[in-house]
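Work out the full structure, taking the sequences as your base and the hints as a guide.
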Amino acid sequence: MTAPYPRLAARKRIAVLISGRGSNLPSLLGNDLGGDVVVIGSNKADAKGLDIARDAGIAHFVVSHKDFETREAFDAALVAALNEYRPDLVVLAGFMRITTPVFTQAFAARLINIHPSLLPSFPGLHTHARALQEGVKLHGCTVHFVTPELDRGPIIAQAAVQVEDDDTADTLAAKVLRQEQQIFPYAVRLFCDGRLRVDGLRVTTLPKSTTPVIATAAARV
1 MTAPYPRLAA RKRIAVLISG RGSNLPSLLG NDLGGDVVVI GSNKADAKGL
51 DIARDAGIAH FVVSHKDFET REAFDAALVA ALNEYRPDLV VLAGFMRITT
101 PVFTQAFAAR LINIHPSLLP SFPGLHTHAR ALQEGVKLHG CTVHFVTPEL
151 DRGPIIAQAA VQVEDDDTAD TLAAKVLRQE QQIFPYAVRL FCDGRLRVDG
201 LRVTTLPKST TPVIATAAAR V
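The sequence shown begins at 1 in my numbering and counts up by one.
Since the hints were derived computationally from the structure, they do not count as laboratory data.
Warning: the hint list may mix true and false statements.
[What the hints assert, rightly or not] Lysine-lysine pairs mimicking DSS-like chemistry, simulated, CA-CA at most 27 Å apart:
#: 1; residue 1: K66; residue 2: K48
#: 2; residue 1: K12; residue 2: K44
#: 3; residue 1: K48; residue 2: K175
[Unchecked claim] If you anchor each label on the Cβ, the simulated ranges turn out as follows:
#: 4; residue 1: V38; residue 2: L138; range: 32 to 42 Å
#: 5; residue 1: G20; residue 2: E149; range: 15 to 25 Å
#: 6; residue 1: D51; residue 2: R202; range: 30 to 40 Å
#: 7; residue 1: K137; residue 2: R54; range: 39 to 49 Å
#: 8; residue 1: D166; residue 2: K66; range: 36 to 46 Å
Positions of the beta carbon are idealized from the N, C-alpha and C atoms, including for glycine.
Take a look at the structure:
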């Protein structure tokens with residue numbers, strides 16, 4: 001099945017989902033994304049990142065996964081909550097839930113995530129500890145489109161950091177976070193400007209002079 005990456009115009013409406021402190025929210029809110037963050041949602045009522053939304057005067061909501069018996073039921077409720085704000089783009093910024101096709105298909109081709117590793121290496125959790133355990137010399141972060149297959153969507157942007165001999169999981173996480181805060185707003189801006197062409201797993205960045213259009217790509221279902 002194919003899914004269109006739609007033609008974009010004007011400023012886009014952006015929804016952001018978080019589960020914790022929202023460490024990437026300041027960089028998203030502090031840069032011109034070519035769109036406006038209209039809502040910040042979370043699956044946890046005590047997520048510290050919601051305080052950032054309140055302080056910035058941005059609409060926010062909570063849909064707790066604990067209120068649902070299945071992942072699919074939770075995702076359906078989350079889709080309904082997001083659709084109230086008519087997002088052109090949904091951004092997962094430390095949203096610690098594995099999404100089901102109910103969610104990924106609802107926002108196909110307009111759903112992106114930031115992951116703390118150089119994908120396809122180290123998908124899933126505990127990436128910094130695993131990178132140290134494997135002895136890699138470069139680690140980093142990846143912004144990618146979200147598909148039903150975990151951490152396997154087309155890659156939009158990546159940034160690498162050197163792994164030093166004295167690095168710990170915490171120091172490595174801090175270095176990677178600094179890079180996340182650079183490439184995340186950059187990737188969102190590329191999407192909002194319509195400068196991404198997707199062919200399978202390959203993403204090409206179009207020059208600014210190119211007519212803003214996102215090509216059709218195969219979606220994993």
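Inset, instruction - Provide an ascending list of the numbers of those earlier hints which the structure does not satisfy. - result: Checked against the structure, no hint fails, so every one of them is satisfied.
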